[in-house]
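Asker: Sequence:
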Amino acid sequence: MAAIPSNMMPLGTKAPDFNLLNPATGETMSLDVLKSNVATVIMFICNHCPYVKHVKPELIRLAEDYQAKDIVFIAINSNDVANYPDDSPEKMQQEGYPFPYLFDEMQTVAKAYQAACTPDFYIFDSDLKCAYRGQLDDARPHSNATVNGKDIREALDAIIAGQQVNSEQIPSIGCSIKWKM
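All letters in the sequence shown, in the order written, are residues 274 to 454 by the working numbering.
Honestly, I wouldn't trust all of these hints.
As the list claims (entries may be wrong) - Computed cross-link-like contacts, DMTMM-like style, restricted to lysine to aspartate or glutamate with a CA-CA straight-line distance of at most 20 Å:
#	residue 1	residue 2
1	Lys-326	Asp-359
2	Lys-423	Asp-411
3	Lys-453	Glu-363
4	Lys-451	Glu-331
5	Lys-402	Glu-300
6	Lys-326	Glu-300
7	Lys-308	Asp-430
FYI, nobody ran anything at the bench for these hints, they're computed from the structure.
Nothing here was measured: the structure is a model prediction, and the numbers come from that model.
Produce the complete structure using the sequences and hints provided.
Answerer: So, in structure tokens, the structure goes:
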């Protein structure tokens with residue numbers, strides 16, 4: 274379980290569009306259709322990563338707390354499922370997230386977002402410009418820190434209040450995205 278940090282996409286970067294399969298519905302979904310007029314949270318996750326498993330309950334709580342405030346949550350799995358079958362689209366359907374969990378089979382979306390690890394978080398404003406990229410909070414597997422989504426919550430609260438998001442942001446840490454060879 275080697276820890277890899279986020280690449281930290283430059284703030285203000287426009288969110289790259291995508292068309293990805295939602296294994297739960299069989300539909301192809303695009304950012305243009307899913308996006309919010311307030312803020313859109315895009316996270317790169319997978320099923321098998323211990324860092325993702327550690328924060329999964331908070332990802333669900335975050336969505337439950339902020340979807341009512343017109344915040345959209347989108348999860349993307351870009352892992353090589355041939356070598357990591359626990360991340361397959363069939364197994365993605367079993368995760369039970371209250372937001373779309375999309376499959377980036379060709380890994381082009383992860384590359385467009387400069388994603389490096391799971392979990393890797395991005396928040397885009399109403400113009401789909403990057404307002405936040407970094408960690409969920411200070412918690413990591415085997416740490417004493419509480420999983421509470423503090424960093425993401427502070428960024429979302431600032432956007433909702435019409436305030437500038439603090440530009441001092443800490444990279445996420447997690448398992449590397451499992452790139453195809």
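Asker: Please list, smallest to largest, the hint numbers that this structure does not respect.
Answerer: 4, 5 and 6
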